[in-house]
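Line by line, the protein sequences give chains A and W. Those letters in the first sequence? Residues 1 to 294, per this note's numbering, in order. Those letters in the second sequence? Residues 1001 to 1443, per this note's numbering, in order.
No lab work stands behind these hints, which were simulated from the structure alone. None of the values given here were measured: they were computed from a predicted structure. For every residue, glycine included, the Cβ atom is placed at its ideal position computed from N, Cα and C. One or more of the hints may lead you astray.
[To be verified] Cβ pair distances, simulated, as ranges:
| id | chain 1 | residue 1 | chain 2 | residue 2 | range |
| --- | --- | --- | --- | --- | --- |
| 1 | A | V275 | W | A1439 | 14 to 20 Å |
| 2 | W | D1222 | A | M145 | 49 to 55 Å |
| 3 | A | L18 | W | P1074 | 56 to 62 Å |
| 4 | A | V275 | W | A1076 | 55 to 61 Å |
| 5 | A | L117 | W | P1074 | 54 to 60 Å |
| 6 | A | R73 | W | D1358 | 19 to 25 Å |
| 7 | W | A1439 | A | I28 | 51 to 57 Å |
[Stated by the list, open to error] Away from chain A, derived, C-beta distances all over 12 Å, residues of chain W:
| id | residue |
| --- | --- |
| 8 | D1253 |
| 9 | D1263 |
| 10 | E1386 |
[Stated by the list, open to error] Here are some chain W residues pointing at chain A (derived, C-beta under 10 Å):
| id | residue |
| --- | --- |
| 11 | L1088 |
| 12 | S1091 |
| 13 | D1092 |
| 14 | A1188 |
| 15 | S1189 |
| 16 | I1299 |
| 17 | E1302 |
| 18 | I1421 |
| 19 | D1423 |
| 20 | S1426 |
The chain contents come next:
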Amino acid sequence: MTVRRSDRRARLAGLLWLLPALILVVGIVHVGIVYNGVISTTDWNGIAPTWRSIGLDNYTAIIEDDVFLAAMRNTAVYAVAVTVLQLGAGLGVAVLVRTQARGRNLLRVLIFVPVVLSPAIIGTTARYLLDQEGALNDVLRAVGMDGLARPWLADSTFALATLVAITVWQYTGYSFVIYDAAISQVDPATLEAAQIDGASNRRTFTAVVLPNLRGAHLVLIVLTAISSLKTFDLVVLTTAGGPGTSTELLTLHIYEQTILRFHAGYGAALSLVLVAIALVFAVLQVRLSRLREV
Amino acid sequence: MRTRRVQRRFVVPVAATIVLSLAACGSGSDGGSGGDDASQGVRLTMVGWNIAAAEETVAAFEEEHPGVTVEFRPYAYNDYLQALRPALTGSDGPDVFQVQPGGMLANYEPLAVDLVPHLEESLGAQWRDSFYAAGLEQLAFDDKQAALPGIMSAAGLVYYNQSVLDEVGVEVPTTFEAWETTCAAVVASGRQCLAHGAKDAWANIDLFLSVINSDEPGLVYDAIAGDTAWDAPEFVTAATEFASLFQNGIVADGAASRAEYPDAFNEFVGGGAAFIALGTWNTAGTMTTEGLALSAEGISGEPSGPFYSAPFPAPQSGKEPTALFGGPDNGWAISAQSAHPDEAYDLVEFLTHGGGQDVQAALANFPANTDVAISTGDVVVSDQVENIEAQQAGLAELVGPRQISYPDLEAALGQALSTIIADPGSIEDALSEVEQVSAGIDR
């Protein structure tokens, strides 16, 4: 009886310790999402004290919204491209600094510096560097590649790719740090054994190192994809979604609808679409993490 | 001992929970806007994004109204849009807030009091005579005067750098055809011709309105009202002429990723471009010594110039350039939740009709009070005076407003113009989409 009562007390104490965090998470995040869900079924303009319930009209309107479709397409391309390139580059640099290459410590620092810069600085600087008369084009012209010079962010063919490049440049250091830490956890004895067995460097990398980085891949894929879905400031500061709709991302469309066009109900519906997409990645992460544990 | 430990195990999380809950529930508010007590008099809160010399203005008001103090909270425009909503609907909102004519006023008007009773009591039955007609009309809803104009502004101008034109040996063009020739010479000198930030929808809309208000004066306002189709032939022609600016060397390549402020403006002030298509709000920053010094803070080196304004060139030879279009640059409204509407009105009247107008006029901003003349005492060169006076005269003969009252239509037009810049072959499709949005608006 004493043991059981003590267990109950311990369990109760645990729950009480959990309570503050639970109130914060449920009270702020989940109630917010539910409230958003309610707003998404109204025609609220975001200001008026009252609104009218319109059922699922906002969701029907989403399907017919050409800008939304363009934004979804752009967001998907952007998220996939950023995730693939950022992980590839981060892994490449992480492997490089594990070699005996000269200047690898300097490389560690340099690769991480852009991560700590504010997107406001990156966006504003990029606008100047990538302008028709910007530094990148000056370099291209100086090395005789005049044909490649163009207004990178103002050319609808290249604008989205340029945003991808800016993001990858800024956040590769983040992927690098995760990979660098993961590689340091690979058991040296395993690597040694592979070399004793005559495995080449490439074979050691693909058969020993890469499988040991599964956890890092998983975390980075999910976090990078979700972070890409949330990208907003860089686009606002560089292209504002243009030219045309070539760089319109979902977050920008939500902002325009909610703040600039006074469609808070419709913006809430768009936000829930974004939440649903992010949720897929979150569930994927949890599921895959469990698989890995098994 | 054990009991105490157990108690601690329970008490600490419970206490933390209670503290958090109280923190979450407590508003921290002292009971709303315009707080006051007997010793301090009335305290008003005023919010806005665009008022020059705010401190000086507030000090002048407080001196004129002993017992009333004003706290001004300035915001960047985009932040203001987000901050104003919760502020006006909460219990601790501002007494006086700034609005822009068009979509912003249309949505915030229900949260503002009608100023007519105050105006009639304070300025008499003829109160309208003290303001530009457009200044009042664009801030009114039916018979309700939701706000009063702070300063006036109008677009339909092109500002030019006389020293660049002199160096290149060209004159200010009056038609697109002449402009192309002028620009060829300017570009050959290593400069941009028309500095333009096509990243900003408002800048493109100003440019388009300048074009169509020359081609067919006033027709665009019929389209805004839903009486003319946006894909009518006149609009296709105007959009084609708009696109030609980007194809014929008038606007430099890469404009779509440049902002009007600071990119294009700094290029112009620094002497890197011969022209910029802005409006009268640009006068203080280019034609007065103090304003130009402020503008020069955004560039390296000394500002170029002298700068003047001229009518935006006519797209079609034989037609007149556009008349000015615009109205109140912004207005001041009283929150319906203000605890001190009378004192708040005193502040609004001061800003839009009284001493606040003198402060704006002294800074070469165009007053909304027709009895107050803009100051030309600080011009950079004396022959700019005539230029500025012509602008002020033009404010009384506006062809129409700058802002579009329907945010969806404004956004659709901005989107269409961005698309047209990127792909001039898409003009008809882009205008059809604008017409589709226009047809769906509940006017």
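Against the structure, the hints come out as follows:
1. A/V275 / W/A1439: 14 to 20 Å: 32 Å, violated
2. W/D1222 / A/M145: 49 to 55 Å: 50 Å, holds
3. A/L18 / W/P1074: 56 to 62 Å: 43 Å, violated
4. A/V275 / W/A1076: 55 to 61 Å: 28 Å, violated
5. A/L117 / W/P1074: 54 to 60 Å: With Cβ atoms ~27 Å apart, the hint is violated.
6. A/R73 / W/D1358: 19 to 25 Å: 54 Å, violated
7. W/A1439 / A/I28: 51 to 57 Å: Hint violated: Cβ distance 42 Å, outside 51 to 57 Å.
8. D1253: 5 Å, violated
9. D1263: The assertion about W/D1263 is violated, with a minimum of 7 Å to chain A.
10. E1386: 35 Å, holds
11. L1088: Hint on W/L1088: holds, closest Cβ of chain A at ~7 Å, below 10 Å.
12. S1091: 13 Å, violated
13. D1092: At about 16 Å, which exceeds the 10 Å cut-off, the nearest Cβ of chain A leaves the hint on W/D1092 violated.
14. A1188: 15 Å, violated
15. S1189: 14 Å, violated
16. I1299: For W/I1299, the interface hint is violated, since the closest Cβ of chain A sits about 13 Å away, which is over 10 Å.
17. E1302: Interface hint status for W/E1302: violated (21 Å vs cutoff 10 Å).
18. I1421: Hint holds; W/I1421 Cβ to chain A Cβ min 6 Å, cut 10 Å.
19. D1423: 7 Å, holds
20. S1426: 8 Å, holds
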